[in-house]
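Kindly produce the complete structure, drawing on both the sequences and the hints.
Here's the letter readout for the chains.
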Amino acid sequence: MMAHATRRRLPIQAVAGTVPMILVSVGVFIIGIGASVLWSFTSSKLFPAYDFVGLQQYRRLWADARWLISVNNIWIFGLLSIACNMVFGYLLAVFMDQRIRQEDTFRSIFLYPFAMSLIVTGLVWQWALDPNLGLQQTVRNWGWTDFSFAPLVDAKTAIYGLVVAGIWQGSGVTMAILLAGLRGVDAEIWKAARVDGIPTWRTHLFIVAPMMRGAFATAFVLQCVAVVRVYDLVIAMTGGGPGIATTMPAVYVIQMITVRQNVGQGMAGATMMLLPILLVLALGGILAWRRKRKGVAA
Amino acid sequence: MSAADVAAPGATAAGPDVLAEPRGPKPRRISVGRIGLYAFLVMSAIFFLVPLYIMIVTSLKGMPEIRLGHLFNLPAEPTLQPWVDAAFRACTGRDCFGLSPGFINSVKITVPSVIISIVCASLNGYALTFWPYKGASFLFGVLVFGAFVPYQVVIYPLIIGLSTVGLFATLPGIIIVHTIFGMPILTLLFRNFYASLPVELFKAGRIDGAGFWRIFFHIMLPMSVPITVVAVILQVTGIWNDFLFGIVFAGRNNWPMTVQLNNIVNTTTGVREYNVNMAATILTAAVPLIVYFVSGRWFVRGIAAGAVKG
Chain F
1 MMAHATRRRL PIQAVAGTVP MILVSVGVFI IGIGASVLWS FTSSKLFPAY
51 DFVGLQQYRR LWADARWLIS VNNIWIFGLL SIACNMVFGY LLAVFMDQRI
101 RQEDTFRSIF LYPFAMSLIV TGLVWQWALD PNLGLQQTVR NWGWTDFSFA
151 PLVDAKTAIY GLVVAGIWQG SGVTMAILLA GLRGVDAEIW KAARVDGIPT
201 WRTHLFIVAP MMRGAFATAF VLQCVAVVRV YDLVIAMTGG GPGIATTMPA
251 VYVIQMITVR QNVGQGMAGA TMMLLPILLV LALGGILAWR RKRKGVAA
Chain R
299 MSAADVAAPG ATAAGPDVLA EPRGPKPRRI SVGRIGLYAF LVMSAIFFLV
349 PLYIMIVTSL KGMPEIRLGH LFNLPAEPTL QPWVDAAFRA CTGRDCFGLS
399 PGFINSVKIT VPSVIISIVC ASLNGYALTF WPYKGASFLF GVLVFGAFVP
449 YQVVIYPLII GLSTVGLFAT LPGIIIVHTI FGMPILTLLF RNFYASLPVE
499 LFKAGRIDGA GFWRIFFHIM LPMSVPITVV AVILQVTGIW NDFLFGIVFA
549 GRNNWPMTVQ LNNIVNTTTG VREYNVNMAA TILTAAVPLI VYFVSGRWFV
599 RGIAAGAVKG
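Chains as they are written, first to last, in the numbering used here: chain F, 1 to 298; chain R, 299 to 608.
To be clear, the hints were calculated from the coordinates, so they are not data collected in a lab. Note that beta-carbon positions come from the ideal geometry of N, C-alpha and C, so glycine has one too.
Listed below are several chain R residues computed to face chain F (Cβ distance under 7 Å; list not exhaustive): (1) A343; (2) H368; (3) N422; (4) A425; (5) Y431; (6) F446; (7) L542; (8) T579; (9) P586.
The structure is reproduced here in C-alpha cells:
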C-alpha cells in the first residue's frame, strides 16, 4: 500500500517533518536506554560517572533486601492480578455477549475505573479498606463483630489490597479487548457447534477461546507492561508500606534516583525491569513469525 | 506484533471491534441461566460502582458522621463544605490553597502537550505511510518498542538531558516529556489510519504537483478528524491522569493535580479529613470522567490503543 515511487531519493521535507520522531527514537529510546544500561555498570551516585565497576551494582542490587522484597511483590501482584483480570474479564466478555439488555450501561460501568488516574484508584481503595472507618468497621457495625477485612495495615496482606485495586481498575479493559476478540469469531462456528449438539460452555472453552488467542495475547502483553510499570497505585495506596512491605521495582528505581542518590544501582534495577519486557516481546515476535511462516507454507 | 493488533480497532472503524453486534446464541425465554447471567453482571456492576458511591457519599458528610463508621449510609446532613475546602483550602505542606493551583497547572500541562504530541504523531504517521525514506521503518520499530519500555529505564537519561538544556523542572520540560511518551502509541494510531486510506488520494496530489506539506495540509489533515478525536481523548485522559512524570519533571511550581491530590491525602501532619480527601479525589477524577462519559463509544475505540500507556 505504500507509495514506492517516492522511495528513490531521500525526501528532505519528509525528514524535516519527522525530526521529532528521529530525536525521540534515537535520542530517547536508543541513546537513553543505552545510557541507562551503561550507567548500571558504573559507580554513579547523584551524577553520572564513567568508572566501570563491572557487575558490582547488580551484586549489590540482589543483596539488597528492599529490592528482593520488590521483586517478590511484583511476582505476587503480577501473577494474581493478571490471572484474576483474565478470568474475570473473560467471564464478563462472555456474559456481555449474550444479547443482554443495557449492554452500553454495563460496559460504561465496567470501564469507567480505567478512565481515572491510578492515584485516584489508590486513594479510593485506601479509604474503603481503612481499618477503623472503612468496610471492616461498617460490616462490624452491621452485627458481624468479628468480621475482618483490612489488608493494608498488615505487612503480610497489604499486597493483596493492591491486587484488589488492580482488578477493579484493569478487568474492564481486559473485558473490552476479549469482547472484541469474541465478536471477531465467525458466526458460522456457533451454528456448526449447535448442529453438532456441543454444549455452549464447551464451544466457548474448547473452540472459540482458542480462536481468540490474538485477543488473549494482546490483553496479556498489555497487562504485563502495566504490571512492570506499576508505580502510582503503590504510592497512592500504601506508599510502599507498611514499612517496605509493598515496595515495587518501579518505586525502588525512582527512590534510588531521587532520594537515595544511588544512580548506578538504580540503573541496575531499571535494566532488570527491561529484561522481562524484552522476553515477552521476543516470545511474541517468535510466535508471530512462526505463524506467518506456517501461513505462507499453507 | 501485538501492538499493531491493539491499535487496529481504534485506527479503522471497520473490522471486529467492541461495538459490533453480539453474535452469541439468541436467548430464549426467561430461564434460570438468564437470571444467573444477570445476577453475575449486576454483582460485577456493584463491585465496580461501590468505590464511586463511597467517594460521593463520604465527600458530602461531616467528620463527626464519618467517625461513626457507616461507610454506605447516605449523608444525614449533606454538606458541600468539604468540596469548597478541597478546591480552595486543603493543605499540601505549607501551602493551603486546595487543589485549584493543581487544576490550573494540569490545564497548562495538558493543553499544549495534547496539541504538540498529536501534531508530531500525525506528521510521523503521514510520512511513514506516504514518504517512507530510508531508515524510517527502523525508526518506527524503535518507537513501537518504546511503547513497551518501563519508564524507569529512560527517566534518568531524560533528567540529565533536560537539565543540560535547562528545561528540567519547567513547564516546557514536562510538555516535552509528555510529547515523547505519547509519541509511540499516537504514531502507531496515525500510521494505521493513513495506511487504510486509498493511496490514489496521495497519487492525485502528487500528479497535481503538490509536495509533502501541501498534501498533508490540504488532503490528509481534513480527512484525519475521526482519528484525531480518538487521539485527543487518549491524550487528555492519559496526561491528566499522569503522576510519575508530573512529580519528576514538572517542578514544584508546576505540579499537576494528581501530585497535589496525593500530597493532600497522604500528608502525615494534622487530622485526616476523609470528606475533604474524597471531594478532592472526585475533583481530580472529574475531567477524565467527563471526557469518558461524553465521548462514550469514541473512548471505547481508543481504549485498546491507550491501554499500552499507564
